[in-house]
Amino acid sequence: MQLFKVPHIKFLKYKYLALGVTALIVLAGVLNVTVFKGLKLGVDFGEGTLIRVMLKSPTPVGQIREDLSRVGLGNSDIVETGTSGREYMVRAVQVVNIKGSEEQQLEAHEALADKIIAALRGEPTPEEAARGAQDLNSINEQALASLLDSAFPGSAPDAAKTIIALRNEKGIISDFSELQDLGLKPEVLTFLKDKTYLGNLTVLSRETVGPQVGKDLRRKAVQATIWSLLGMLVYIAFRFKLEYGVAAIFTLTQDVLITMSVYSFTNREINLPIIAGILTIVGFSINDTIVIFDRVRENQKALRKEPLEEIMNLSLNQTLSRTIITSGTVFLTVGALFLFGGPVINDFAFVMLIGTIEGVYSTVSLSCPVVLFWQRLFKPKKGARR
Amino acid sequence: MKKNLQWKVIITLALIAGAVIISYPPAEKIKLGLDLKGGVHLVLQVMADDSINAETDQELARMEELFKKNSITFQSAVKEGTGRFSVSGLLADQEGKTRDLFDQYARDWDFSFVGDRVVLTLKPLVAQALRDQAVSQTLETIRNRVDQFGVAEPLIQRQGANKLVVELPGVEDPERVKNIIKVTAVLEWKLVLAGPAADEETLLQAYDGQVPENAEVVRGDASRGQAGVYLVSKVAVVTGKDLRTVRRGTDEWGNPAVLFTMNSDGGARFERMTGENVGKQIGIILDNKVQSAPVVESQIRRTEGGMIRGRFTPEEADDLVIVLKAGALPAGIKYLEERSIGPTLGADSVRQGLIAGLVAILAVMTFMIFFYKLSGINAVVALVLNVVLLFGALAYFHATLTLPGIAGIILGIGMAVDANVLIFERIKEETALGKGVLSSVSLGFSRAFTAIFDSNLTTVISAVFLFQFGTGPIKGYAVTLIISLAANLFTAVFVSHLIFDFSVKKTAKRLSI
Numbered sequence: 001m002q003l004f005k006v007p008h009i010k011f012l013k014y015k016y017l018a019l020g021v022t023a024l025i026v027l028a029g030v031l032n033v034t035v036f037k038g039l040k041l042g043v044d045f046g047e048g049t050l051i052r053v054m055l056k057s058p059t060p061v062g063q064i065r066e067d068l069s070r071v072g073l074g075n076s077d078i079v080e081t082g083t084s085g086r087e088y089m090v091r092a093v094q095v096v097n098i099k100g101s102e103e104q105q106l107e108a109h110e111a112l113a114d115k116i117i118a119a120l121r122g123e124p125t126p127e128e129a130a131r132g133a134q135d136l137n138s139i140n141e142q143a144l145a146s147l148l149d150s151a152f153p154g155s156a157p158d159a160a161k162t163i164i165a166l167r168n169e170k171g172i173i174s175d176f177s178e179l180q181d182l183g184l185k186p187e188v189l190t191f192l193k194d195k196t197y198l199g200n201l202t203v204l205s206r207e208t209v210g211p212q213v214g215k216d217l218r219r220k221a222v223q224a225t226i227w228s229l230l231g232m233l234v235y236i237a238f239r240f241k242l243e244y245g246v247a248a249i250f251t252l253t254q255d256v257l258i259t260m261s262v263y264s265f266t267n268r269e270i271n272l273p274i275i276a277g278i279l280t281i282v283g284f285s286i287n288d289t290i291v292i293f294d295r296v297r298e299n300q301k302a303l304r305k306e307p308l309e310e311i312m313n314l315s316l317n318q319t320l321s322r323t324i325i326t327s328g329t330v331f332l333t334v335g336a337l338f339l340f341g342g343p344v345i346n347d348f349a350f351v352m353l354i355g356t357i358e359g360v361y362s363t364v365s366l367s368c369p370v371v372l373f374w375q376r377l378f379k380p381k382k383g384a385r386r
Numbered sequence: 001m002k003k004n005l006q007w008k009v010i011i012t013l014a015l016i017a018g019a020v021i022i023s024y025p026p027a028e029k030i031k032l033g034l035d036l037k038g039g040v041h042l043v044l045q046v047m048a049d050d051s052i053n054a055e056t057d058q059e060l061a062r063m064e065e066l067f068k069k070n071s072i073t074f075q076s077a078v079k080e081g082t083g084r085f086s087v088s089g090l091l092a093d094q095e096g097k098t099r100d101l102f103d104q105y106a107r108d109w110d111f112s113f114v115g116d117r118v119v120l121t122l123k124p125l126v127a128q129a130l131r132d133q134a135v136s137q138t139l140e141t142i143r144n145r146v147d148q149f150g151v152a153e154p155l156i157q158r159q160g161a162n163k164l165v166v167e168l169p170g171v172e173d174p175e176r177v178k179n180i181i182k183v184t185a186v187l188e189w190k191l192v193l194a195g196p197a198a199d200e201e202t203l204l205q206a207y208d209g210q211v212p213e214n215a216e217v218v219r220g221d222a223s224r225g226q227a228g229v230y231l232v233s234k235v236a237v238v239t240g241k242d243l244r245t246v247r248r249g250t251d252e253w254g255n256p257a258v259l260f261t262m263n264s265d266g267g268a269r270f271e272r273m274t275g276e277n278v279g280k281q282i283g284i285i286l287d288n289k290v291q292s293a294p295v296v297e298s299q300i301r302r303t304e305g306g307m308i309r310g311r312f313t314p315e316e317a318d319d320l321v322i323v324l325k326a327g328a329l330p331a332g333i334k335y336l337e338e339r340s341i342g343p344t345l346g347a348d349s350v351r352q353g354l355i356a357g358l359v360a361i362l363a364v365m366t367f368m369i370f371f372y373k374l375s376g377i378n379a380v381v382a383l384v385l386n387v388v389l390l391f392g393a394l395a396y397f398h399a400t401l402t403l404p405g406i407a408g409i410i411l412g413i414g415m416a417v418d419a420n421v422l423i424f425e426r427i428k429e430e431t432a433l434g435k436g437v438l439s440s441v442s443l444g445f446s447r448a449f450t451a452i453f454d455s456n457l458t459t460v461i462s463a464v465f466l467f468q469f470g471t472g473p474i475k476g477y478a479v480t481l482i483i484s485l486a487a488n489l490f491t492a493v494f495v496s497h498l499i500f501d502f503s504v505k506k507t508a509k510r511l512s513i
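Protein chains in written order, with the working numbering: chain A, 1 to 386; chain B, 1 to 513.
Derived by calculation from the structure, the hints in this document are not laboratory data.
Note that CB positions come from ideal geometry on N, CA and C, so glycine has one too.
Treat the hints with caution; some may be incorrect.
Said to hold, decoys possible - Cross-link-like lysine-lysine pairs, in silico, BS3-like; alpha carbons within 30 Å at most: (1) A:15 x A:56; (2) A:115 x B:163; (3) B:163 x A:161.
What the hints assert, rightly or not - Output of the computed footprint for chain A on chain B, the stretches with three or more beta carbons under 8 Å from beta carbons of chain A: (4) 244–251; (5) 353–367; (6) 405–413.
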């Protein structure tokens, strides 16, 4: 089967248009970041505390914001994850301004996290407090075992284990009736209903990175990216020609900039997995670029008389079906991750979705023109012929 | 069958069998990172200068003693900073004698005389060694504590000069672990001279408001029900280092307590101290806070051991046993990064990741077979082998699979598919030019190879740099990427070609592609 016959699109006719479009997108991104503070740095880069919680019953965002406003944290970032209306991601934002030593800052972050959790968890009802009940949704296995041990010596550790396993599987126990299928004795259930209550939430995860480590991670991520770009430049310059290396790096820079620009218009944050995503985009894009350059290299040998611009057009057309098929399969993979991968991986999948589309555009539109521009700039005579 | 084909088949089968054996069953053999499994991830800084400060204090005290012993006159000895102290008020005619003393007893210190004053500085190399030792001892102590706490497969690693990374999979109670790791756990038994009193002023009334020379003021640990302040002797008779066994037990009222016995040396000192101080109080001091101050009722024999009481909960008593067994930290630590991922989120991530991965692979496979027909099956086989080899390598290198690692795998799989697409498209082109089936296939492979090789190698180069300069998650990404690209070159180029060699007959007129 064939996607299409080898087309004859004059890609290089549109090089100025492509440059213009790229410039526009990047400019919009830069404006969005500098003027409207669009790009949010995440917890990995030292900006506060991230808490993921699961609630006992579906709760609207407004209700959560109201609960947090009551402790003065109403301006926290609240993002719903999952589809049940019960999972939320909360990040406190005003911590950024805390001054003090590294550890004081970390402790301040942590204290804020505790405050958020406490506010969302709420107090036990007076009735529950009066009988001294403990929260079954936050108690740990050991404590539950020792609680049960007072009434059911012997069977307590096993009972505690199955209850906690259920809680871990479901994320939270919404109702005591959920415990009925565990094969616990009815007395145990009655005992639990008396001695415990079901708190409003469980903490799925909490992450705090101190400013020093955050700065460190940021610096290293940038350093790693720059070095790996340089490494690619050198290799391509060695295998092809310097201008091809330059063009590849130019294309990659565009990939990063465009992806970040688009990303800045969403409400998502930059964390380490996003950096991995951008590096992956860079990887795919360099792959595309090299395939085309390889074809140009090959065609140059066969068609010595043709001007370079024509050879590039031909090569782009010859590899176009491959470019689309490959990107299509990647798009399938990333699309699956985006739809089914769950909340933790969602930002990553999203950035990859942008990148896959953008990668095709940048390779086709920009990689070859930059070689031409470079040759015109530095090799005026030769560039006219080859 | 051709001879070199035989060898190719043997190599391929051997590699695949090896990968399967190493990685089976994958649920056990592939280690999942904390982001996928749940657990606690801590980065902490060791205050390595603590050990230099301690060394400075010790050296200063030792020098004072030596000066007195050798009747060298001086006015005062003062600590000037970390790894630096000075002695002033020296007599000019005793300088030679002092130099001799330093040469003999202070070899780790540089010294310089200025007038009647001498400044001693710890040699940089020695200071460096001390810092280094402090960090590695802290690491060992934390490892011991974590082992005692009972965490399966903890990872405790040094990062840079003075940072430690602690990863504890499956830990439910991050606060408790953090406390166990952080307490310095210096345990001392000191004679109580006065107290408890409500504040320092009341405490020192009998001493004219001055702390006596051989004594110091220590606060009680409020969480242990010791609210007041105590005046205790400066020198500890027995310390945590003298303990032989420690375990959790109960006191005579059934409350949790920590029981201990001492080694022979410490036991002897303990016996002498209790014998000399019947009727007096002895303070049990943990990290400069009095836990309890029992009255000595009778001499305690060296073999008898004793008990630490302090209104403990069972968990607190357990934790104290853990830190006492593992020993004190040589230097303070502070937390720089704390992450705890609950078991639910980790399990969800893995489940959803698997579903997404399966959907993705199935979609890609369906597409390849739909688009390339029988040749597509070839690509699918190569893809499956790629994943098998990847898992084998992950198991073999004991690499940890993290979320960014999955990103690396996606890029790897993407490039594996791409390699097949490149080859197949090229074969089509060659066929379109009117070449025969066999020569199309072999030209397709050879002409596509340079592009595949260059693009894979370029990506490997960038991944190597990422591995070199990146931190944890980025490193995990680089590792899976490098492995899958290596597997890629093998499966997409070598194995695919092999399958064509077997399946395409010499007389074939058409290729199903």
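Outcome of the hint check:
| no. | hint | in the structure |
| --- | --- | --- |
| 1 | A:15 x A:56 | violated (56 Å) |
| 2 | A:115 x B:163 | holds (29 Å) |
| 3 | B:163 x A:161 | violated (36 Å) |
| 4 | 244–251 | violated (count 0) |
| 5 | 353–367 | holds (count 10) |
| 6 | 405–413 | holds (count 6) |
When each numbered hint is compared with the structure, violations occur for hints 1, 3 and 4.
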